[in-house]
Every structure is written in C-alpha cells, then in structure tokens.
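All chains, full assembly: derive it from the sequences and hints.
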Amino acid sequence: MPALLEIRGLSAGLQGRRSVTQVVSNVDLDVHAGEILGIVGESGCGKSTLATAIMRLLVPPQVLQSGSMTLRPGDGKAYDLLDLPENELRQLRWRHLSYIPQGSMNSLNPVLRVGRQMTDTLIQHGLSQDEAQERSIAALELVNLEPRLTDSYPHELSGGMRQRVIIASAVSMRPALIVADELTTALDVVTQRQILQELAGIRDELGATILIITHDMGVVAQIADRVAVMYAGKIAELGRVNGLFEAPLHPYSQGLIGSIPRGGGQRVQGLPGEAPSPWNYPNGCRFHPRCPHVFAPCSEQAPALLSPGNGRWTACHLYDPEVASNE
Amino acid sequence: MTPDSSSRAAESSEDEKTAGRHEVFLYVLRRFGVYLFTLWAAITVAFFIFRLVPGDPMNILLGNLARAEGRQRDAAAEEAIIARYRHIFGMDEPLPLQYINYLRKAVLSGLDLGPSFVEYPAQTKDLVFRRMPWTIGIFTTSVLLAWIVGTGLGALIGWLQRSRLSKLAVVISTLLQITPVYLVALGLIIYVGYTWRILPAGGPYARHLQPEWSWEFISSLLTHAILPMLSNIIVIGAGFTLGMRALMISVLGEDYLTFARAKGLSPFTVLKDYAFRNALIPQVTALAIIVGATLNGTFIIEVLFQLPGLGTLFVQAMGLRDFNTMQAVVLFSIFAVLTLTLIVDLALPLLDPRIRRTA
Ligand SMILES: Nc1ncnc2c1ncn2[C@@H]1O[C@H](COP(=O)(O)OP(=O)(O)O)[C@@H](O)[C@H]1O
Ligand code: SF4
Ligand SMILES: [Mg+2]
Numbered sequence: 001m002p003a004l005l006e007i008r009g010l011s012a013g014l015q016g017r018r019s020v021t022q023v024v025s026n027v028d029l030d031v032h033a034g035e036i037l038g039i040v041g042e043s044g045c046g047k048s049t050l051a052t053a054i055m056r057l058l059v060p061p062q063v064l065q066s067g068s069m070t071l072r073p074g075d076g077k078a079y080d081l082l083d084l085p086e087n088e089l090r091q092l093r094w095r096h097l098s099y100i101p102q103g104s105m106n107s108l109n110p111v112l113r114v115g116r117q118m119t120d121t122l123i124q125h126g127l128s129q130d131e132a133q134e135r136s137i138a139a140l141e142l143v144n145l146e147p148r149l150t151d152s153y154p155h156e157l158s159g160g161m162r163q164r165v166i167i168a169s170a171v172s173m174r175p176a177l178i179v180a181d182e183l184t185t186a187l188d189v190v191t192q193r194q195i196l197q198e199l200a201g202i203r204d205e206l207g208a209t210i211l212i213i214t215h216d217m218g219v220v221a222q223i224a225d226r227v228a229v230m231y232a233g234k235i236a237e238l239g240r241v242n243g244l245f246e247a248p249l250h251p252y253s254q255g256l257i258g259s260i261p262r263g264g265g266q267r268v269q270g271l272p273g274e275a276p277s278p279w280n281y282p283n284g285c286r287f288h289p290r291c292p293h294v295f296a297p298c299s300e301q302a303p304a305l306l307s308p309g310n311g312r313w314t315a316c317h318l319y320d321p322e323v324a325s326n327e
Numbered sequence: 001m002t003p004d005s006s007s008r009a010a011e012s013s014e015d016e017k018t019a020g021r022h023e024v025f026l027y028v029l030r031r032f033g034v035y036l037f038t039l040w041a042a043i044t045v046a047f048f049i050f051r052l053v054p055g056d057p058m059n060i061l062l063g064n065l066a067r068a069e070g071r072q073r074d075a076a077a078e079e080a081i082i083a084r085y086r087h088i089f090g091m092d093e094p095l096p097l098q099y100i101n102y103l104r105k106a107v108l109s110g111l112d113l114g115p116s117f118v119e120y121p122a123q124t125k126d127l128v129f130r131r132m133p134w135t136i137g138i139f140t141t142s143v144l145l146a147w148i149v150g151t152g153l154g155a156l157i158g159w160l161q162r163s164r165l166s167k168l169a170v171v172i173s174t175l176l177q178i179t180p181v182y183l184v185a186l187g188l189i190i191y192v193g194y195t196w197r198i199l200p201a202g203g204p205y206a207r208h209l210q211p212e213w214s215w216e217f218i219s220s221l222l223t224h225a226i227l228p229m230l231s232n233i234i235v236i237g238a239g240f241t242l243g244m245r246a247l248m249i250s251v252l253g254e255d256y257l258t259f260a261r262a263k264g265l266s267p268f269t270v271l272k273d274y275a276f277r278n279a280l281i282p283q284v285t286a287l288a289i290i291v292g293a294t295l296n297g298t299f300i301i302e303v304l305f306q307l308p309g310l311g312t313l314f315v316q317a318m319g320l321r322d323f324n325t326m327q328a329v330v331l332f333s334i335f336a337v338l339t340l341t342l343i344v345d346l347a348l349p350l351l352d353p354r355i356r357r358t359a
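Sequence order for the protein chains is A and B. Residue 155 in my numbering sits at position 155 of the first sequence, with consecutive numbering throughout. Residue 86 in my numbering sits at position 86 of the second sequence, with consecutive numbering throughout.
Hints were generated in silico from the structure; no laboratory data involved. Any given hint could turn out to be false.
As the list claims (entries may be wrong) - Heads up, incomplete: computed chain A residues facing chain B, CB under 7 Å, no partners named:
hint, residue
1, R56
2, L57
3, Y99
4, P101
5, N106
6, S107
7, V111
8, T121
9, I123
10, G126
11, S128
Beta carbons are placed, not taken as given, at the ideal position from N, Cα and C, and that holds for glycine.
So, in structure tokens, the structure goes:
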C-alpha cells in the first residue's frame with residue numbers, strides 16, 4: 001500500500017542576496033496511514049522548515065529548492081502537493097491536511113471569538129452554519145473543552161486551552177494527515193502529558209495520521225510509533241520507536257537518547273559541541289565534528305540513508321558495507 | 001484530563017470575564033480622569049504663557065485702547081483710563097488671584113473667557129463660537145476622510161507588499177507625507193484654482209451669495225471646501241497610508257496569519273477578518289494621536305484659503321495683540337483635540353477585546 005504522504009528529495013533553504021543557503025537537504029520520508037510519526041532533532045536542525053515546506057507555507061526568505069511530495073488522503077486521488085495550484089491547495093487544506101504550528105499560543109486571531117475562528121473555516125470548506133457549529137463543539141469535546149468556550153476570546157484562555165482549541169480546529173474536518181510542530185513546548189509537564197494523550201485518543205477515534213515534530217525525545221517516546229531523527233537538515237536515522245530507543249544505530253541518535261534525563265535528572269552521556277547552523281553545515285557527514293566514531297571517509301563523503309534491515313534506516317558510514325569494507 | 005479539572009478551567013474563564021467587564025469600567029474612568037487633568041493643565045499653561053510674556057504687552061494694548069477712547073494727551077488721565085480697563089479685564093489683581101478668577105469664570109459662568117481686547121465689549125467666547133463651525137467642519141471632515149482613504153489604501157498596499165504598484169505607492173506617499181501642508185495648499189491654489197480654474201480657491205463661498213438654505217449657496221459652500229480639505233487629505237492621508245501599510249505588514253508576519261492561511265480560508269477572509277481587523281486597532285490609536293498634530297495645518301489652510309475659521313481669527317488677534325482672543329482660540333483647540341482623542345480612545349474597547357489587559 002502506497003504511503004499516505006511520500007516525500008522525495010525535498011530540499012528547502014533561505015534566499016540570501018546572492019545564493020540560497022540550504023536548511024533542509026534531500027529528505028526522503030514516507031508517512032503511513034494511521035501512524036504517529038515523530039520527527040525529532042535539536043532546535044535549529046530544520047524541523048519547522050520541513051513542516052512548513054510540507055504545508056506549502058514557506059514565506060520569503062524561505063524557498064523550496066527541489067523535491068516532490070505526494071499526498072494520498074484516501075479519496076482515491078493522489079495530490080502532488082508541490083504542483084497544486086493555490087485554489088486547489090486551499091480546498092485540500094484542513095479537509096485532508098491540517099497543521100498545528102509552532103507557536104500555537106499566538107495562532108488564534110485575538111479579535112475573533114474562538115467559535116467564529118473554527119466555524120469560519122468549516123463554512124469555507126462547504127459546511128452550513130449549523131453544521132459548522134455542531135462540528136466545532138464536537139471537536140472541542142474531543143479535547144475536553146466546554147462548548148461554551150466558543151464565546152471566549154483567545155486572551156481569556158490559558159495556554160493549554162488555546163493549544164486545545166488549535167487541536168480541535170485542526171481535527172474538525174477529520175483530515176487524513178495532521179502536522180503538529182512543537183505541540184506542547186510552551187506548556188507545563190502535566191498539561192503536556194494530557195494533551196499528548198488526547199492527541200493519541202484522536203488518532204484512535206478518527207483514524208488520523210499524525211506527523212509530530214519536536215525537540216523532545218520524551219514526547220516521541222510517549223506517543224510516536226516511528227521516529228525520524230534529524231540532524232543539520234538531514235534525516236540521520238529512521239525506525240520504530242521501540243527498536244530505535246533500545247538500540248540506536250546512528251552515533252547522533254545514541255548521543256540524543258543518552259542525553260534523555262533518567263531518574264534524578266542526571267544525564268547519562270551528553271553530546272559534545274553544538275549543532276551547526278545552515279550557514280556552516282560541515283562537508284561529508286554533517287555530524288562528523290561531533291562524532292565519537294568518526295573515521296576517514298566521514299569528512300569527505302556524505303553518507304546515504306540506507307537500511308541495514310528490519311525496517312530501520314540510518315545515514316552513517318559505519319553501517320554502509322561498501323564504505324566500511326574499503327577502510 | 002479529568003472532567004473535574006476541565007470544569008475548573010471553564011470557571012476561571014468565567015471569572016476572568018467578570019473581571020474583564022470591571023476593568024473596562026476602570027479603563028473608561030481612568031481615561032476620563034486623564035482627560036480632565038490634561039484639560040486643566042492645558043488651560044493653566046495657556047493662561048500663564050500669555051501673561052508671562054516679558055514687557056507686559058497688556059500695558060501697550062491697554063494704552064492703545066485708552067488713547068483710542070479718550071484721545072487724551074494728559075498722562076494722569078491716561079493712567080486712570082488704563083487703570084479702569086485693567087480693572088474691567090481683571091488685571092489689577094495679583095497673578096494667582098487672576099488665575100483663580102479665570103478658572104472660576106471659565107468653569108462656573110458658562111465658559112466666560114473674558115472680553116475681546118479689540119472688539120470690546122464682545123466676548124471672546126462668542127468670537128470663537130462664530131468661527132468654530134468652519135474649523136470643525138473642515139478639520140474633522142478632512143481628517144476623517146484622510147483616515148478612511150489612508151487606512152483602505154495602506155491596507156491594500158501592505159497586503160500586496162511585494163507588488164510593483166505597491167512599492168510605487170510607498171514612494172509617492174512618502175513624498176507627499178514629508179511635503180509641508182502649505183506647499184500642497186499653495187500648489188492647489190495656484191494650479192487648480194488659478195491656472196486651470198477648475199475649482200474656487202479662496203473664500204468660504206461665492207462673494208455674491210448670502211448664507212441661506214438654498215441649493216446655490218450650499219453647492220457654492222461645498223465646492224469652496226474641496227481644495228482646502230484636499231490639501232489636508234493629501235498630506236494627512238499619505239501619513240495614514242504609510243502607517244497602515246506598516247501595521248499590515250507586521251500583522252502579516254503574525255502566527256495567527258500563518259494559521260489562517262493553513263486553514264484554507266479564502267484570501268479575502270484572511271485579509272478582512274484576520275489581517276485588517278488586527279491592524280485597524282493601532283490605526284485607530286494613530287488617529288487619536290494625529291488629530292492633535294494636524295490642527296495647526298488646518299489653521300494654515302484657513303489663512304491660505306481665506307476661510308473665516310479659528311486659524312484666521314488667531315492670526316488677526318495676533319496682529320492686534322488681542323491676547324484674550326488668542327488664548328480663547330488656543331483653549332478651544334486644546335479642548336477640541338482632547339475631546340476627539342477621548343472619543344477615539346473610548347471607542348477602542350469596542351474594537352479590541354484585549355483592551356482590559358493592556359489598559
Ligand atoms: N525565516 C527565516 N529567516 C532566517 N532564518 C531562518 C528562517 N527560517 C529558518 N531559519 C533558520 O533555519 C534553521 C532551521 O530553522 P527551523 O526550521 O525553525 O529549525 P527547528 O524547527 O528545527 O528549530 C535555523 O538556523 C533558523 O535560524
Ligand atoms: S558517518 Fe562518520 S561521522 Fe557521520 S555519524 Fe557515521 S561515523 Fe559519525
Ligand atoms: Mg521549530
């Protein structure tokens with residue numbers, strides 16, 4: 001069965017005066033129907049750029065450089081997202097593809113009541129006023145919010161409530177795919193946990209597929225089925241959460257998982273150095289200046305994302321039989 | 001989330017709503033207090049400024065008046081007349097007492113601002129009231145039109161910020177905005193009024209007419225008002241256009257705009273309900289601020305177009321050193337500006353549900 005969302009060779013960057021600085025490089029990713037796929041990586045590694053590229057919401061100086069994306073939302077059609085004219089894209093949004101942006105705290109219009117901000121979208125997508133009202137209230141109940149909240153203005157709500165309203169809006173058209181960027185970052189731990197539970201519940205109830213983007217390994221561990229580890233604009237490793245957390249392949253994943261605080265808040269094993277910004281991505285393997293296993297080809301040749309078997313993928317020369325045997 | 005904690009969350013929002021209403025009331029009260037205080041401060045400053053001018057200009061003026069009345073050469077008699085006038089104008093008392101009397105009369109005796117020195121015994125209040133409709137008419141109409149046009153235009157060129165036409169509009173608005181209003185007025189008078197003779201460019205209405213409720217008079221009045229108002233609209237409107245454009249561009253970068261686009265709303269809805277409505281709030285505040293800064297431009301326009309408004313009254317009074325009248329004009333202007341600002345500020349909570357927080 002073909003993937004719900006198929007991303008191939010996606011590159012996006014920042015337009016400078018003379019040239020484009022690549023932020024996200026050559027991403028290949030399949031999102032399967034019904035799964036929760038986490039994309040995890042340090043802040044600045046290009047996660048939000050990838051998310052906005054998928055949503056086709058890049059704004060200058062951000063530019064799409066190359067690649068293709070196909071969405072098969074289950075209506076028998078395949079949409080080439082990057083080739084879709086603006087008006088068809090508008091119809092596809094929310095109906096098939098929803099977005100919970102980073103900065104959800106400020107994603108509600110301060111001068112419109114919450115209910116209006118949900119129904120205007122539903123009406124835009126063809127529902128009647130009454131249907132829109134009903135759907136909005138049903139969606140709010142999915143995230144444990146009271147129907148009368150529709151009369152509130154965003155500033156009257158707490159951060160967690162605002163985040164829930166955004167989620168409710170995003171699921172109100174029962175889209176096939178929801179892209180959620182740093183969903184719970186600004187919230188306290190308890191609210192975070194509740195909201196993630198609600199989101200998982202929504203997946204089970206509506207059969208939605210969720211792409212959850214976060215810098216927090218804990219979030220991935222709590223709700224994702226599979227995870228893609230991103231480093232410096234590239235996917236370093238991809239696999240099922242269980243397998244990857246138990247035995248990470250890529251030295252960067254090993255470092256990341258090692259640095260999850262375990263009991264007593266002590267970090268087992270940190271990563272030395274800092275993640276590079278797009279203006280100074282290293283040549284070869286972008287992780288090589290920080291890698292404890294670095295060897296000769298690492299600084300010259302970029303490793304390809306290859307599978308050593310059982311559904312796992314990693315981009316590291318250690319696992320590439322050809323490179324390793326040449327050594 | 002347990003049902004218990006969800007109802008608690010809703011409760012706290014209910015509390016906040018009541019608190020919000022309470023705070024709106026406080027906001028109105030506080031705003032009105034500021035209004036009264038500013039008014040008082042302005043009256044006080046105006047009073048002392050005209051009396052603390054060195055060399056006692058009153059003395060000169062009163063000397064003139066006395067001479068005009070009595071034609072005496074006798075110094076003692078002249079002194080007596082001056083003393084009499086000083087008494088009439090309440091100037092024989094110490095300054096603090098004068099000030100208190102002045103305030104008392106202004107507040108308690110129905111805006112009694114004293115007689116005009118020159119047109120004695122005419123009351124300055126009456127002089128001001130006679131001229132006021134011209135100034136108010138031209139000023140409020142042109143500022144409001146400028147605001148409406150500027151807000152619409154600015155919203156549009158901000159929304160289309162990357163288009164070529166939009167960039168051209170910015171250049172033109174910037175040029176117009178930095179042009180002094182009298183240059184624009186003179187340009188209109190010279191070209192539109194005299195060279196091309198499209199519209200009348202002087203006087204309140206055609207010379208052969210009398211004020212009456214006739215179509216001929218009213219149409220003459222309106223055509224004579226076009227150029228003076230246009231001068232104001234061009235300059236002030238350009239400022240409002242640039243201001244609104246900047247506000248739109250900053251709103252377009254907000255997270256809620258990205259979200260609005262992500263939801264698949266039509267560009268028109270995004271523009272109207274998400275971008276424009278948010279940019280409008282600070283633009284209304286800008287109206288309140290700009291009202292004060294543009295009144296002097298209107299005074300200049302009145303003089304250039306020979307309209308019998310407060311601006312021309314002020315210039316006449318200045319020529320004749322009629323300090324009571326000048327003071328009355330200044331007071332009236334301050335009163336008008338502060339009141340307009342108050343109205344705009346009180347309208348803000350209607351537009352902005354967050355005002356209870358920011359106030
Ligand atoms: N609009 C922009 N202007 C300037 N730099 C940007 C912009 N968008 C992204 N970047 C840069 O691109 C890199 C990746 O950003 P982002 O995709 O937001 O990372 P993440 O979401 O993983 O934290 C960062 O170095 C960031 O500074
Ligand atoms: S390719 Fe080399 S540098 Fe990169 S992660 Fe693997 S071993 Fe480390
Ligand atoms: Mg981000």
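Problem set entry | Those earlier numbered hints the structure runs against, lowest number first | Failing hints, ascending: 1, 9, 10, 11.
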